[in-house]
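Q: In case you want the letters, here they are:
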Amino acid sequence: MADITFEGPYGRRPRSRISAQNIVIYSVLTLVAIYYLIPLYVMVVTSLKGLPEIRMGNIFSPPIEATFEPWARAWSSACTGLNCDGLQRGFWNSVRITVPSVVFSILIASINGYALANWRFKGSEVFFAVLMIGAFIPYQVMIYPMVILLRELGIYGTLTGLVLVHTIFGMPILTLLFRNYFTTLPEELFKAARVDGTGFWGIYFRIMLPLSVPMLVVAVILQATNIWNDFLFGVVFTRPEYYPMTVQLNNIVNTTTGVREYNVNMAATILTGLVPLLIYFVSGRLFVRGIAAGAVKG
Amino acid sequence: MAKSRASGRPFRLFRNINAKLAAIPMILTAMVVFVGFSAWTITYSFTRSRLLPKLDFVGLGQYERLWASDKWLISIQNLVIFGICMLVLSFVIGFLLACLLDQKIRFEGVFRTILLYPFALSFVVTGLVWQWILNPDFGIQSIIRGMGWQSFTFDPLNDGRIVIFGVVIAALWQGTGFVMVLMLAGLRGIDDEIWKASRVDGVPAWKTYLFVVVPMLRPVFVTTLVIVTAGIVKVYDLVVAQTGGGPGIASEVPAKYVYDQMFLNQNLGQGFAASTMMLLTVAIIIIPWAYLEFGGRRRG
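Just so you know, the sequences run in chain order A and B.
Each step along the first sequence adds one to the number in the numbering used here, with nothing skipped, and position 56 is 56.
Each step along the second sequence adds one to the number in the numbering used here, with nothing skipped, and position 255 is 255.
Chain A with its partners taken away, still in its complex shape (with noise of 0.2 Å):
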């Protein structure tokens, strides 16, 4: 023990409050935190300006008068080429190819996690090795093959479609979050449960779903994002009039003709990203915990 220059054998790393290393971190830390909160900062602001204001203004200026007509004509009368009726219906549609799809990829994939942790047979691990490595081919490679087996099945262009592509796609993600889930959940429940001779549908919905609460929050976290974020699968495989609201806000802020509206834009840009983040913030580590899991345990 030479040259110790903190006090106490075993403290946790112990420092004064401000110290010159404090200092440097915090600053750092705050300038970081800044810069990362500039575009809400602005996208905020900007939809609050009226035109003539964004046109004098630079883009960090706060509104002089604050106007949430950008916002209400971002919802109900923004065009996107061909239709003048806002955000309003990719939003509706959003919800409607988000809420089935989380609900059945989350089933499917928990099922089939449980099938892995808790009844191996032959060939499924190396059917979940597929499934595992499958996760990381490009989506490029199987989206045209996706859209002649939804025209064969003839639910091409429907929400219908789009919600089995995010079914199918979710599935690697999540069968890997149950999988490892169930296999840590205590043995003996399940061999108490089979000498009772519960079989495989009884003991899935009597012990292990009410079990896996805290992974189906984290997976409903993990899937509602995922999805309301998508765009690919959304531009592909549905109709114009289906459009998720990711593809319709492009359409509406990268339109080439008329006069370019910026504040109805970023308007538009913060209600499709709303949604996203209400959840981000309301359920906080338990987001983390979704992206760590799926990407640590990998």
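The set of hints was computed from the structure by calculation and includes no laboratory data.
Each statement offered as a hint is correct.
Derived DSSO-like pairs (lysine-lysine); straight-line CA-CA distance at most 30 Å: (1) B:Lys196 / B:Lys207; (2) B:Lys54 / B:Lys71; (3) A:Lys122 / B:Lys20; (4) B:Lys196 / B:Lys104; (5) A:Lys122 / A:Lys191; (6) A:Lys191 / B:Lys20.
Following the hints, complete the assembly by docking chain B onto the known chain A.
A: Structure of chain B alone, referenced to chain A:
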């Protein structure tokens, strides 16, 4: 461990039938969609398919055309620049931020929440916000000119030579928080004893980070690398929203090339060939990793 349940009598189709029925969606997804569809696309990439897929083989013709196409070459070049910038910067910044957050500071939760929130937003939203901030007439350029520096020029989205860096700026804002969180999770997994030991030996903190912690975090780095790289290859909506591939074709990326060929130009064969090249790129990264991860030591 669970294996003993399934064993006992020799394998039969109807043993454990419920589990097999329950696994059908997974098996179909794995074998039909992931294996089958990929094989289909690879097969048709050797055909003359244009508006409709047809088995009229032309050998490597589509690939020759692909690698002779300016748009594809620019796409690849952009992907390489974008990928290197993203990997290096998101790793360096993400790791440094994770180290800062790991200093037992106050308000850690607040900082983490702020640094990660862009990751919750879609690429479309990210692209559109940065399109606005980088707008030459109203954004950063005009503000700095307004401060008196009239000759200041920063207009990446309208300058083909640097447009891809404009996309990098947006992508970094969106994705660095994610890298940081993974690294932070890794740092939290490091035993406190290491810190005590290095402090007892009088090793400065930065040296401990560089020579002890970084090697210990290797698995986290590898996993993050794989995930970030797989995301880089897929980059599509960010470019569509932020630049639309422009100016001209200066910010095209492979994923957009595939979409455009398949759904806009009715040139399916080109789309299949290009997507097969994307698959090949990912395979070069994934196969060695998967081999290490699942091949040698089996865990769980």
